[in-house]
Amino acid sequence: MAAETASSPAVRTADACSASAAADGAAADGAAADGAPSGAASAVAGPGAPELLLVVAGAHLRGQPLHHQLAERSARFVEATTTAPEYRMFALDTVPAKPGVLRVPDGGAALAVEVWALGAAAFGTFVAGLSAPMAIGRVRLADGRELPGFLVEPCALEGAQDITAHGGWVAYREASA
1 MAAETASSPA
11 VRTADACSAS
21 AAADGAAADG
31 AAADGAPSGA
41 ASAVAGPGAP
51 ELLLVVAGAH
61 LRGQPLHHQL
71 AERSARFVEA
81 TTTAPEYRMF
91 ALDTVPAKPG
101 VLRVPDGGAA
111 LAVEVWALGA
121 AAFGTFVAGL
131 SAPMAIGRVR
141 LADGRELPGF
151 LVEPCALEGA
161 QDITAHGGWV
171 AYREASA
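Going left to right, the sequence shown walks through residues 1 to 177 as the UniProt record's numbering numbers them.
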(Lines of atoms letter the chains of each structure in order from A and count residues from 1; the text may use other names and numbers.)
(Lines give C-alpha, C1' and ligand atoms only; values in the text may rest on other atoms or scores of the structure.)
Protein backbone atom coordinates (compact mmCIF):
# COMPACT_ATOMS: atom_id res chain seq x y z
CA MET A 1 0.00 0.00 0.00
CA ALA A 2 1.35 3.41 -0.92
CA ALA A 3 1.91 5.72 2.00
CA GLU A 4 -0.03 8.97 2.15
CA THR A 5 2.22 12.00 2.05
CA ALA A 6 2.16 14.89 4.46
CA SER A 7 1.23 17.14 1.54
CA SER A 8 -1.97 15.21 0.83
CA PRO A 9 -4.91 17.47 1.62
CA ALA A 10 -7.52 16.06 3.98
CA VAL A 11 -11.23 16.11 3.30
CA ARG A 12 -13.51 15.73 6.30
CA THR A 13 -17.19 15.44 6.75
CA ALA A 14 -18.79 16.94 9.84
CA ASP A 15 -19.30 14.17 12.38
CA ALA A 16 -17.76 12.67 15.48
CA CYS A 17 -15.37 10.36 13.61
CA SER A 18 -11.71 11.19 13.95
CA ALA A 19 -10.60 9.56 10.70
CA SER A 20 -10.23 11.52 7.49
CA ALA A 21 -9.48 10.52 3.93
CA ALA A 22 -6.84 12.00 1.68
CA ALA A 23 -8.30 13.64 -1.38
CA ASP A 24 -6.76 13.57 -4.81
CA GLY A 25 -4.50 16.51 -5.45
CA ALA A 26 -6.42 17.43 -8.59
CA ALA A 27 -9.58 18.04 -6.62
CA ALA A 28 -7.87 20.08 -3.93
CA ASP A 29 -5.12 21.90 -5.81
CA GLY A 30 -7.27 23.36 -8.59
CA ALA A 31 -5.84 24.11 -11.99
CA ALA A 32 -2.21 24.35 -12.95
CA ALA A 33 -0.78 27.42 -14.68
CA ASP A 34 -1.59 25.97 -18.11
CA GLY A 35 -5.25 25.48 -17.14
CA ALA A 36 -4.96 21.71 -16.85
CA PRO A 37 -5.90 20.12 -13.56
CA SER A 38 -3.02 19.08 -11.37
CA GLY A 39 -2.78 15.38 -10.51
CA ALA A 40 -2.60 14.02 -14.05
CA ALA A 41 -3.54 10.52 -12.88
CA SER A 42 -7.09 11.70 -12.30
CA ALA A 43 -7.48 14.10 -15.23
CA VAL A 44 -9.12 13.11 -18.49
CA ALA A 45 -8.24 14.89 -21.71
CA GLY A 46 -11.20 15.85 -23.84
CA PRO A 47 -13.05 18.70 -25.46
CA GLY A 48 -14.00 21.62 -23.25
CA ALA A 49 -13.27 21.77 -19.55
CA PRO A 50 -11.02 19.19 -17.91
CA GLU A 51 -12.66 16.26 -16.17
CA LEU A 52 -11.80 14.47 -12.95
CA LEU A 53 -12.25 10.75 -12.49
CA LEU A 54 -14.24 9.30 -9.60
CA VAL A 55 -14.46 5.66 -8.46
CA VAL A 56 -17.89 4.60 -7.20
CA ALA A 57 -18.67 1.29 -5.53
CA GLY A 58 -22.25 1.31 -4.24
CA ALA A 59 -25.36 3.46 -4.29
CA HIS A 60 -23.95 5.67 -7.10
CA LEU A 61 -23.40 2.76 -9.52
CA ARG A 62 -25.57 2.59 -12.64
CA GLY A 63 -29.05 1.39 -11.70
CA GLN A 64 -28.60 2.17 -8.00
CA PRO A 65 -30.67 4.70 -6.01
CA LEU A 66 -28.12 7.56 -5.83
CA HIS A 67 -26.88 7.31 -9.42
CA HIS A 68 -29.05 10.33 -10.26
CA GLN A 69 -26.54 12.49 -8.35
CA LEU A 70 -23.95 11.69 -11.02
CA ALA A 71 -26.43 12.01 -13.89
CA GLU A 72 -27.56 15.45 -12.65
CA ARG A 73 -23.93 16.58 -12.94
CA SER A 74 -23.56 15.22 -16.49
CA ALA A 75 -21.06 12.60 -15.34
CA ARG A 76 -19.71 10.39 -18.11
CA PHE A 77 -19.27 6.64 -17.62
CA VAL A 78 -15.65 5.66 -18.27
CA GLU A 79 -15.40 1.98 -17.34
CA ALA A 80 -16.37 -0.88 -15.08
CA THR A 81 -13.35 -2.40 -13.35
CA THR A 82 -12.18 -3.70 -9.98
CA THR A 83 -10.10 -2.38 -7.15
CA ALA A 84 -6.74 -3.84 -6.28
CA PRO A 85 -7.21 -6.71 -3.77
CA GLU A 86 -6.69 -4.37 -0.80
CA TYR A 87 -10.24 -3.54 0.29
CA ARG A 88 -13.11 -4.77 2.45
CA MET A 89 -16.74 -3.84 1.82
CA PHE A 90 -19.33 -3.42 4.57
CA ALA A 91 -23.12 -3.01 4.41
CA LEU A 92 -23.88 0.22 6.28
CA ASP A 93 -27.14 0.81 8.12
CA THR A 94 -28.18 3.80 5.99
CA VAL A 95 -31.16 4.90 3.92
CA PRO A 96 -30.79 4.29 1.09
CA ALA A 97 -28.65 1.23 1.72
CA LYS A 98 -25.02 1.74 0.77
CA PRO A 99 -21.67 0.08 1.32
CA GLY A 100 -18.56 1.34 3.01
CA VAL A 101 -15.24 0.51 1.36
CA LEU A 102 -12.12 0.43 3.49
CA ARG A 103 -8.50 -0.22 2.48
CA VAL A 104 -6.96 -2.85 4.77
CA PRO A 105 -3.36 -3.99 5.27
CA ASP A 106 -4.29 -7.70 5.13
CA GLY A 107 -7.25 -9.80 4.03
CA GLY A 108 -8.48 -7.49 1.30
CA ALA A 109 -10.19 -8.45 -1.94
CA ALA A 110 -10.84 -6.96 -5.37
CA LEU A 111 -14.23 -5.22 -5.51
CA ALA A 112 -16.35 -4.32 -8.53
CA VAL A 113 -16.40 -0.55 -9.14
CA GLU A 114 -17.18 1.98 -11.85
CA VAL A 115 -15.12 4.96 -12.95
CA TRP A 116 -16.96 8.16 -13.86
CA ALA A 117 -15.69 11.47 -15.26
CA LEU A 118 -17.03 14.80 -13.99
CA GLY A 119 -16.18 18.39 -14.75
CA ALA A 120 -14.15 20.05 -12.00
CA ALA A 121 -17.07 22.17 -10.75
CA ALA A 122 -19.42 19.17 -10.78
CA PHE A 123 -16.84 17.10 -8.90
CA GLY A 124 -16.64 19.85 -6.29
CA THR A 125 -20.40 20.09 -5.75
CA PHE A 126 -20.67 16.30 -5.64
CA VAL A 127 -18.00 15.98 -2.94
CA ALA A 128 -19.42 18.92 -0.99
CA GLY A 129 -22.78 17.14 -0.85
CA LEU A 130 -21.47 13.92 0.70
CA SER A 131 -22.61 13.12 4.19
CA ALA A 132 -20.72 11.26 6.88
CA PRO A 133 -19.46 8.60 7.08
CA MET A 134 -18.69 8.67 3.35
CA ALA A 135 -15.41 10.24 2.25
CA ILE A 136 -13.42 10.64 -0.94
CA GLY A 137 -9.90 9.25 -0.86
CA ARG A 138 -7.39 7.43 -3.04
CA VAL A 139 -8.67 4.12 -4.42
CA ARG A 140 -6.17 1.79 -6.08
CA LEU A 141 -7.56 -0.05 -9.09
CA ALA A 142 -6.53 -3.49 -10.35
CA ASP A 143 -4.35 -1.88 -13.05
CA GLY A 144 -2.42 0.13 -10.43
CA ARG A 145 -4.01 3.54 -11.03
CA GLU A 146 -4.96 5.47 -7.91
CA LEU A 147 -8.01 7.67 -8.38
CA PRO A 148 -10.33 9.64 -6.12
CA GLY A 149 -13.16 7.43 -4.97
CA PHE A 150 -15.56 6.48 -2.23
CA LEU A 151 -14.21 5.25 1.07
CA VAL A 152 -15.77 5.08 4.52
CA GLU A 153 -14.62 6.47 7.83
CA PRO A 154 -13.61 3.46 9.96
CA CYS A 155 -15.69 4.62 12.94
CA ALA A 156 -18.85 3.83 10.93
CA LEU A 157 -18.08 0.12 10.71
CA GLU A 158 -19.01 -0.88 14.24
CA GLY A 159 -21.75 -3.49 13.82
CA ALA A 160 -21.64 -3.30 10.00
CA GLN A 161 -21.84 -6.58 8.07
CA ASP A 162 -18.70 -7.50 6.11
CA ILE A 163 -19.91 -8.27 2.57
CA THR A 164 -16.51 -8.48 0.87
CA ALA A 165 -17.05 -12.11 -0.19
CA HIS A 166 -19.72 -10.96 -2.68
CA GLY A 167 -17.11 -9.03 -4.68
CA GLY A 168 -19.18 -5.88 -4.96
CA TRP A 169 -22.32 -4.03 -4.02
CA VAL A 170 -24.58 -5.19 -6.87
CA ALA A 171 -23.69 -8.85 -6.30
CA TYR A 172 -24.42 -8.44 -2.59
CA ARG A 173 -27.79 -6.79 -3.29
CA GLU A 174 -28.75 -9.51 -5.76
CA ALA A 175 -27.80 -12.25 -3.27
CA SER A 176 -29.80 -10.50 -0.54
CA ALA A 177 -32.97 -10.07 -2.64
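Keep in mind the hints are simulated off the structure, nothing from the lab.
Since we're looking at a predicted model, the values are computed, not measured.
Every residue, glycine too, gets a C-beta built ideally from N, C-alpha and C.
A hint or two may mislead.
[As the list claims (entries may be wrong)] Derived Cβ-Cβ restraints for the label pairs, each shown as a range:
1. Gly-144 <-> Ser-176: 16 to 22 Å
2. Gly-167 <-> Arg-145: 28 to 34 Å
3. Asp-162 <-> Thr-125: 15 to 21 Å
4. Ser-74 <-> Gly-159: 33 to 39 Å
5. Pro-96 <-> Leu-157: 17 to 23 Å
6. Ser-74 <-> Pro-105: 35 to 41 Å
7. Arg-76 <-> Ala-128: 27 to 33 Å
Against the structure, the hints:
1. Gly-144 <-> Ser-176: 16 to 22 Å: Hint violated: Cβ distance 32 Å, outside 16 to 22 Å.
2. Gly-167 <-> Arg-145: 28 to 34 Å: violated, 19 Å
3. Asp-162 <-> Thr-125: 15 to 21 Å: violated, 32 Å
4. Ser-74 <-> Gly-159: 33 to 39 Å: Hint holds: Cβ distance 37 Å, inside 33 to 39 Å.
5. Pro-96 <-> Leu-157: 17 to 23 Å: Between Pro-96 and Leu-157, where Cβ atoms are some 18 Å apart, the hint holds.
6. Ser-74 <-> Pro-105: 35 to 41 Å: At 37 Å between Cβs, range holds.
7. Arg-76 <-> Ala-128: 27 to 33 Å: violated, 20 Å
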